[in-house]
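Protein chains in written order, with our numbering: chain D, 1 to 226; chain V, 1001 to 1483; chain Z, 2001 to 2243.
Check before you lean on any hint, since a few could be wrong.
Said to hold, decoys possible - DEER-style ranges, computed between Cβ atoms:
| id | chain 1 | residue 1 | chain 2 | residue 2 | range |
| --- | --- | --- | --- | --- | --- |
| 1 | D | Ser-11 | Z | Arg-2108 | 43 to 51 Å |
| 2 | D | Glu-176 | V | Gly-1392 | 45 to 53 Å |
| 3 | V | Leu-1144 | Z | Arg-2239 | 52 to 60 Å |
| 4 | Z | Asp-2094 | V | Arg-1454 | 34 to 42 Å |
| 5 | V | Ala-1077 | Z | Pro-2107 | 51 to 59 Å |
| 6 | Z | Glu-2065 | V | Glu-1395 | 27 to 35 Å |
| 7 | V | Asp-1439 | Z | Leu-2241 | 23 to 31 Å |
| 8 | Z | Asp-2094 | D | Ser-11 | 40 to 48 Å |
| 9 | D | Pro-17 | V | Ala-1105 | 44 to 52 Å |
| 10 | V | Arg-1007 | Z | Arg-2033 | 52 to 60 Å |
| 11 | Z | His-2037 | V | Val-1017 | 42 to 50 Å |
For the record, the hints were derived by calculation from the structure and aren't laboratory data. Note that the structure is predicted; figures quoted are calculated from it, not measured. C-beta atoms are modelled at their ideal positions from N, C-alpha and C, and glycine is treated no differently.
Listed here are the chains, written in short residue letters.
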Amino acid sequence: MSANAREWILSRLKAAPGRGQSFPQRPPLPPLSALGSERAVLVDTFRQKLEGVKGEFHPVEDRQALCAKLEELFKANGVRRVVAAADSVLATLDLARWAAGIGVELRTPADFTDPASFKDALFREADAGLTGADFLMASTGTLVLAHDRGQARLISLAPILHIAVAPADRVVADYEPVVAALYESSGSMPSQATFITGPSSTADIQATPFTGMHGPRRLIVIVVTR
Amino acid sequence: MEIKTDRFRETVQKELVNPETQKFLSFFPLVLSAMRSATLAGLPDSEAALASAAAIRAEAVERLPELLEEFERNATAAGARVVWARDSEEANRYICDLAREKKVACVTKGKSMVTEEMGLREELEKAGIEVWETDLGEFITQLLGLPPFHIIGPAINVPVETIRDVFLEKAGLEEPTNDPVQLGYAARIFLREKFYRAEMGVTGVNIAVASTGTVINVENEGNIRHCKSGPRIQVSVLSLEKIVPTMRDAFHMLRVLCMCATGQSLGTYASFDTGPRRPGELDGPEELHIVLLDNGRSAAYRNPKTRDALKCIRCAACLSVCPVYGKIGGYPYGWAYSGPMGQVVNPLLLGLDRTEDLYGACTLCQRCKAACPAGIDHPRMLLYYRSRQAEGDSELKGSGAPWSGKALHRFYSAAVRNPALWKAMAKGLRWAANRYEKDGKISRAPGPAEGWFRARDLPRFPDRTFHDRWKEIEKTLERGEKP
Amino acid sequence: MKKVSLFIPCIVDLLLPEIGEATVLLLSRLGLRPVYHEDQTCCGQFSFNTGFRREAARMAVHFLEVFGEDEVVVCPSGSCVNMVRNRYPELLEDEPRWLDRARNLAPRVYELTEFLVGVLKVEDVGAAFSGKVAYHESCSLLNGLGVSEQPKKLLRAVRGAELVPMRDADVCCGFGGEFSSRYPEISEALVAAKAARFLESGADVLVLCEPGCLTNINGYLSRHHPDRKALHMAEFLARNLAS
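In isolation and in its complexed conformation, chain D is listed as follows (with noise of 0.2 Å):
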């Protein structure tokens, strides 16, 4: 049945009359933005552009740094049990021994063996997820997360409140870069992307905006300079 209906459909296109005609060269793309490269200006302005969509941003200097911001902000929201992804720089912090430490179950997709479980936890155990990202788009203050099974898509969606990590090296002014690596080099595409920009959000009732409508009611994005 699809192939007749492709047939069919394709022959119409392909039959309609004044196509092929003279098409004028397309001028390239214009940039979105006028950044610059200078990664300092890079991470402020992504810092203003995330805050501006209501996300929080923290700095920190190193690893250290980092755990205790985790710490401070896994007690200030009551969180007993986080998914955390794990990614190229989560994975290298130890985090679960960390966060027992600290009287927090953290668990990563390695410590499941089927999607259902794993389901089970993100809707209804998780307190929140934690990520990395790929990279900063300094621009529009986003996240971009290619997913695979170390950075499973529900982490960052389920749970009420989303952490993310990311060093400060991941920041780039636009989407050129980021478009380049994930679909443009010779790797594997991701089985999806998400460019997250920004709590979840609506307006749909009588204009009124508010944040954690299906995803994440907060949004924090903890920057590691060094």
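Given the coordinates of chain D, work out where chains V and Z should sit on it, guided by the hints.
Structure of chains V and Z alone, referenced to chain D:
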């Protein structure tokens, strides 16, 4: 979705005096428009950005079949199943059969105008499957059985009391409240359980990328991401014109879409899917089915005069600047698409004969064309529909103008080309109109223009036309006097 | 003296000839010799806009026959000029001979203010008016022809006149030709809003360049605010010329 395009006039009359509608129309489109302008002004070169967007859409439409083939190749290589559907019936059948085969009991749907066009929800429900709209606005319209008020805010005009009552009845709201935020949280809890349970998530597609086989969705709430993360099966319905050549084109288009729709530089969540989950991944769909829907689009494509309708990216910038939409809101347009883009698209998909008021109710002010990032000339298309309807057109289902209309314009055309007949017509018109004159003006006159007189007067027709006066005027000019 | 061919819209000929007279006065005061081809009648806009292209094409051919040889054609209506410039090419696309003539003529057809400011390079026509003036931007003129600064320059140059801002000056007044009687409730909502904006602006008079808009707005004012009036630009300037 039920087609009510033939109830335009009666719905207009209701909406013009509906206080909730008028309240929202008095600010919502203006705010969206202002935010669009402000965000575009923040670009290094907004004109170039918009010109690029129009060029991308022009190329996409020009190369449509080749891009679709490229998309199919790449999406399939990434593990997606690409299915083609000639019309809504074929598409619905595929999705219903799939749901039955996979023993799907519950479906969650992301905001998708194309699935409204298809009436997919109703078909799934007929097959005994539970279907939930998950975008807050669409969830509310689903529960209330209402059409969408505006593309961006489908239920934005609905009073909180109405939402409260239906949530108490059907959405598990426990304590009555008029607080929009509390109502929203109640919807979150209710729908979260559906996201958890659903075996199938259905979405539309904002942009598809030919060079990678990727489908892209943008949203603020997170419901579409849920539809693409929890369930085993994901069905993404791709309206076949929503495709661009490369990933860079796609990201540029995505930014322009967001800026023109809500003034956001980028929506809260943009999710890019290239095939289903990979082996070992703990979430995401095991199967990704991409349904390419024609449903009248290849017909629109085959006519070079209607092809441009396929450039539309559904940003709704045109709604926010249209003076007519600004007085009547979304309901009168009677189908999935409203505002100027609905006036362009609905007649092509439904036929000119049942949508006459849609392309008729336009003052041709051209604001839509000026605001459109995709380069569509809406007024030109509406004028084309009017001519195909007046003439009769079997492809477009134009029924032809009544004899009286043809006669009037033939007579007028004859008078235009014959000065003596023009003069006679002027006399006749003056006589016919001035019969109703009182105190130098005409306040009522039955006939084809009687609608005018409900709130307006006309001056009496002067005894001498400009033609009649010219000889005198010319003489005074020759004499060097002041005319 | 330079000749200028007058293109007098059908609505001016039949209903508002004083706009034509004012246009003649203005142009002659500026040293031009207005010429009027008496076999002109209508550009065909009404038939074209309602879908009767065959009839409209015949009217377009007639128009081209009347005006085809003129060096400069001036018209006190943006919608008519829009029709000739922007719609005739599509209307005549199946008749290459006439299409050529239309393309040829188009750059020589001007809306009045476009002509005064853009071609004659005149902003001060010698008019004086003590009072506040608001300006309504007709859709065809603004969006079809891109004419917006020219009328305002003319108004600002009127001695003693204060051009005051008017909210939503560039929003449609709801005329749209047949639209106004075919969809009267929507049209009324729009013209009522336009009238309200005029009254809010504090202006003594509302000036505009489009006979259709004028008929629509004055029609509403006559019924609801009979002490207020809108004036065509040609009339406003001509009436206020210093002797």
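Cross-check of the supplied hints:
Separated by about 47 Å at the C-beta atoms, D:Ser-11 and Z:Arg-2108 satisfy the suggested range of 43 to 51 Å. Distance hint check for D:Glu-176 and V:Gly-1392: the Cβ-Cβ separation is about 52 Å, which falls inside the suggested range of 45 to 53 Å. Checked against the hint of 52 to 60 Å, the pair V:Leu-1144 and Z:Arg-2239 passes, with Cβ atoms roughly 57 Å apart. At about 40 Å, the beta-carbon gap between Z:Asp-2094 and V:Arg-1454 stays in the expected band of 34 to 42 Å.
Checked against the hint of 51 to 59 Å, the C-beta distance between V:Ala-1077 and Z:Pro-2107 comes to roughly 54 Å, which is consistent with it. Between Z:Glu-2065 and V:Glu-1395 the beta carbon distance is about 34 Å. The supplied range of 27 to 35 Å therefore holds. In this structure, V:Asp-1439 and Z:Leu-2241 meet the distance hint of 23 to 31 Å, their C-beta atoms being roughly 30 Å apart. Taken as a hint, the range 40 to 48 Å is violated for the pair Z:Asp-2094 and D:Ser-11, whose Cβ atoms sit roughly 28 Å apart.
Against the hinted window of 44 to 52 Å, the Cβ-Cβ separation of D:Pro-17 and V:Ala-1105 comes to about 48 Å, which satisfies the hint. For V:Arg-1007 paired with Z:Arg-2033, a C-beta distance near 57 Å keeps the hint of 52 to 60 Å intact. With their beta carbons about 49 Å apart, Z:His-2037 and V:Val-1017 fall inside the hinted range of 42 to 50 Å.
In summary, the one numbered hint that this structure violates is 8.
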